[in-house]
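Residue numbers (the working numbering): 24 to 106.
By construction, these hints were calculated from the structure, which means they are not laboratory data.
Worth double-checking, as some hints may not be accurate.
[Stated by the list, open to error] Taking lysine to any residue and the SDA-like style, the derived pairs with C-alpha atoms no more than 20 Å apart in a straight line are:
{"hint": "1", "residue 1": "LYS52", "residue 2": "ASP41"}
{"hint": "2", "residue 1": "LYS99", "residue 2": "ASN71"}
{"hint": "3", "residue 1": "LYS52", "residue 2": "ARG28"}
Quantities reported herein were computed from a predicted structural model and do not represent experimental measurements.
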Amino acid sequence: KRYIRTTGASIKRRGTHDLMNCIRTDLQKDPEGTLYAYKFDIRRFYDNARQDFVMWCFRRVFKDERLLVLLERFVKLLPEGIS
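All chains should be modelled from the sequences, with the hints used to inform the complete structure.
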């Protein structure tokens, strides 16, 4: 299993609203135990993703060299970030 319950990206019936509901529920269950909050914006995430890091992540999951070559071609379509 690779995903935790709060992973919402590209998973059917999950996403930002589902994650927001999870966070609200956790905050309501234990408001005194909430020590930190982090707010962020991923609008330009793919523009800023380091290609070498993306490939490192792929290599940890996939071992088929032919697939890795294909994925690397997609990753490196742009000079920076990922497409």
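So, going through the hints one by one against the coordinates:
1. LYS52 <-> ASP41: Status holds; Cα separation ~17 Å.
2. LYS99 <-> ASN71: Roughly 13 Å separates the two Cα atoms, so the pair holds.
3. LYS52 <-> ARG28: Holds. LYS52 to ARG28 sits at ~17 Å (cutoff 20 Å).
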